[in-house]
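Trainee: The lines below spell out each chain.
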Amino acid sequence: MIAPFFKYGLFGDEASLILAFLVGIGFGFFLERAGFGSARKLTAQFYLTDLTVFKVMFTAIITALLGIFYLSWIGWVDLSLVYVPNTYLAPQILGGLLLGFGFIVGGYCPGTSVVGTATGRFDGFIFLLGLMAGIFAFGEAYPLLEGFVNSTDLGPITLPEALHVSYGLVVFAVVALAVVGFWGAGIVERRFAAR
Amino acid sequence: MPKLSTNQWLAVVALLLGALAVVGEPYAGTRTSLDARELAMIVEGRADHVTAPELADWIMQGQTDYRLIDIREDTAYARYHIPGAENVQIRELPEYPLFRNERIVLYSGGGIHAAQAWFLLKAMGFPGVYTVLGGFDAWIDEVLYPAAPSATTPESMAEFERAEAVAAFFGGSPRGAGEEGELQELALPSVDLTSPVIVAPRKKRRKEGC
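Quick note, the sequences are listed as chains A and B, same order.
Start counting the first sequence at 897; every next residue gets the next number (this note's numbering).
Start counting the second sequence at 2; every next residue gets the next number (this note's numbering).
No lab work stands behind these hints: they were computed from the structure.
A few of these clues could be false.
Stated by the list, open to error - To give an idea of the interface, some chain A residues facing chain B are shown, with a C-beta separation under 7 Å as derived from the structure:
#: 1; residue: 968
#: 2; residue: 977
#: 3; residue: 1064
Keep in mind that this is a model prediction, so the values were computed, not measured.
All C-beta atoms in this analysis are idealised placements derived from N, C-alpha and C, irrespective of residue type, glycine included.
Could you put together the complete structure from these sequences and hints?
Mentor: In structure tokens, the structure reads:
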């Protein structure tokens, strides 16, 4: 049995929706347990007093990175079937800046606003309404934005391809970056929290 | 042994795994093997094909999450092809730039060549391969020139009306109940039929993930 299971037709659309629901609940649960339902905790990131978000996210990234790498290596995952979205350089940079701006102002990012709402936080609920309004506005304005949204298309490019280095080297570099980041985050937190 | 906290131990393990990864080859998992029973089940379960009217619906809805491959001779392709199709000969298939995470729909004149190409791609480890049931002939019979139903129940008439609209979209027209045998003499719409049909460019792949 080789993953990705859906691509190999191990289960159909309906079963995949049920699994997505279960995975989503798990995702939300762990976000909440990490404290991501609180806008205070999330925005503390940007004032460098509490870097939990950074640490949790980076931990998740290297866990998934190592997991997928090793599962592929031993042949349990067929990496060539894993979907790689296209990189649209300019729109994604702008989108990242917009998301960061909204994150600082609103105190949530899209997923955590749902977590906040689920735990009964009013600010999370308002953020969620804004999120929906934004999606609607984007959809309505899409014909105007379409040219920009599809511009600077680099295709489904990955870091090893872009940097011309081996896949394993990128894995090591990201893990090393994370570990150095965790160590640095501890120092930064101690310094800024003291103020 | 230094005294390390749980977090520090995890960091050490991650670093070791990361270091070992430098010599790893993740695409080793990309190998193919044929499971005869699985293939038989796909065929028996009729999960290996789409019908011509289904394909027509996809095209009319502007779906772009599939690649349509015409494996007939290039002269036949030049005369007429299903909108959006790419012409690839069977001998070119192994080298043709198809991606294994794409949905690939094959058609040939009758369907036998497409079925052989289907098997070829399956053997190369492409999971999402389909053929157009009945091939190009079915496209002509069922989409471009649908036959009027023999019985005139409201259901069959409604279905025929729909087929008529689809045929008109692709530049064809329905044939009358008495015209069954004259298929060979029906003129195919000329090639410029493909231009008024708006098929969204292939650039946009299906969006997946978050």
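Trainee: Please check whether residue 1064/A passes as an interface residue: C-beta within 7 Å of a C-beta belonging to chain B.
Mentor: 4 Å, holds
Trainee: For the hint on residue 968/A, just tell me whether its beta-carbon gets within less than 7 Å of chain B.
Mentor: Since chain B brings a Cβ to about 4 Å from residue 968/A, closer than 7 Å, the hint holds.
Trainee: Would you check whether residue 977/A satisfies its interface hint, that is, whether its CB is within less than 7 Å of any CB in chain B?
Mentor: Result: holds, 5 Å to nearest chain B Cβ.
In terms of the numbered hints stated before, the structure departs from none.
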